[in-house]
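If you want the building blocks of each chain, they are given just below.
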Amino acid sequence: MRRGLRIARVLLSTQYALMLEYRAEIALWSLSGVVPLLMLGLWSQSEAGQALGLGATGLSRYFLAAFVVRQFTVVWVIHAFEEDALQGRLSPLLLQPLQPLWRYVAAHLAEQLTRLPFLAAIVAVVMLVHPQAAWWPSPGALLLTALFTWLGFAVNFLLQTSITMLCFWSERASALDRLLFFPYLALSGLLAPLEAFPPGVRSLALATPFAYQVAIPARLLAGEPVAIGPALAVLGAWLALLLPLCLILWRAGVRRYGAMGA
Amino acid sequence: MAMISVEGLSKTYRVANKQPGLVGTLRHALRRQTTDVAAVADVSFRIEPGEMVGFLGGNGAGKTTTLKMLSGLIHPSAGRVEVAGHTPQRRQAPFLRQITLVMGQKQQLLWDLPPRDSLLLNAAVYGIDDREAERRIGELAAMLELGDELNRPVRKLSLGERMKAELLAALLHRPAVLFLDEPTLGLDVNAQARVRQFLAEYNQRFGATVLLTSHYMADITALCPRVLLIHQGRLFYDGSLAALSARLAPCREVRLELTTILPASSLERFGTIEALEGRTVRLLIRRDQLTARVGELLAALPVADLEVRDPPIDELIGTLLQQGVIG
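Sequence order for the protein chains is A and B. For reference, each letter of the first sequence is one residue, going 1 to 262 in this note's numbering. For reference, each letter of the second sequence is one residue, going 1001 to 1327 in this note's numbering.
FYI, nobody ran anything at the bench for these hints, they're computed from the structure. You may find that some hints are simply not true.
Claimed, not checked - The list that follows gives simulated cross-link-like pairs (lysine to any residue, SDA-like), each with its CA atoms no further than 20 Å apart:
| # | chain 1 | residue 1 | chain 2 | residue 2 |
| --- | --- | --- | --- | --- |
| 1 | B | LYS1156 | A | LEU20 |
| 2 | B | LYS1156 | A | LEU18 |
| 3 | B | LYS1156 | A | TYR22 |
| 4 | B | LYS1106 | A | ARG103 |
| 5 | B | LYS1106 | A | ALA80 |
| 6 | B | LYS1018 | B | MET1001 |
| 7 | B | LYS1018 | A | GLU171 |
| 8 | B | LYS1106 | A | PRO100 |
As the structure is a prediction and not an experimental result, all values here were calculated from the model.
Could you put the whole structure together from the sequences, leaning on the hints where they help?
Structural data, given as structure tokens:
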């Protein structure tokens, strides 16, 4: 336990130092996630907020919250892992007594930490431009948002990692990740709150991992009601499915590993 | 009990066959054809604790594939391997704590951070406490003549400094078995000598078992009393370096840059002409006659530059196989 905590501390601080070296790139990544802010600009001119029962203010807050939570659920492990596998950088990691995937987890967390100042600056600007979107969430809402955002990230990480394991079979597994992009775009709540969906599509979205990467934590942050129990049950089910799947694929994959480029 | 025990080790890769051109591309897309290529075939040897063994062979001979199997990075297709009492491909933590694999062209250090960050991370991963880690870093850095370089980003280090820092990172957990794949590749002569000296010191101080591949005969002669010679995946020789040297490299290559072009007839008396291109000449001269012959040719020929070196291992092995000296 003590060793695990020390590894976590050193791994996170090292990855944070590394991410700070790429701060300009990370600032641009933060900016590239502005789709919810564009939606905020588009939807704020319409009566949609009233029609959806959120009101104009509620809708603005939802999109701003979606922008914020999305910054913490983005996963790029497939691209980093694929490059490491192709360049031979995975080999030394496989020869250390630490599951290599922990390094990618730490890299994601460190990158999220690096995004924070840029995120705060963007949020401040949006609040100045759209004063109706400005609010301060309650401590309870913040805690629940943090919990669901982290769970959403964990599910997304495991989902992408499962596809990432195909790197052991294919040199270009990252292309498969694009298959997830359209369901994510359609069902995550990035383009519209789930209230805008027909009931059947909304139920489908809530059964997928995608709604938990944007819509559900965004609703919590915006102070909108969320059915916590069912949401936790769905997240738990996805975690229970994806974690063993990842481990099985990992074991099968490393048997096939040819140490390409290494 | 042997530290490394290998019996009938084989590794076969499946390689795609694609004919060139559009027809070949379409045929490959519709019906992929593959061939099984034996990278390592039925290799057996044992290495005792504390031994330093050189692993010789040309490009694609199977040296690196064997090292990858011994370190557990890839699974053998057939055969049995045991390293420090463990089956490598299981990659269990007690095994990983006892070994290291250093690849001259690959790095484990984080490129944009100083080596010290990677070292402290390795210390945490291997469960070495901070004080002990600092002591080991100091000890190994002194042996490698590393100082402030540990605090500069890896990308700012020279190739030699980087290799030394890589070695430090690979040895911080004080492994009992070192697999070294071309650790001096691309280094200048001084850096090569420093790395060799360090490896010899490490072996003596910690009794580590070392299996070393190198394209440079100088690495092998300086470090390894015993050598394994592999060619096309098969082990052709396992024995003392001295016995192999007599067969493998009875000659040294002397490369001359002349100030004028000379005919072959005026060069033949100094040794076997390997190549003659304009003013550049490559001669093979027997080791026991080298000093005398070089003295003679310097006195007799208009020499602008002279270099004495071992012929490339690939060429030598090819020649010896052709002559039936080995195999």
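Any of the earlier hints contradicted here, and which numbers? 6
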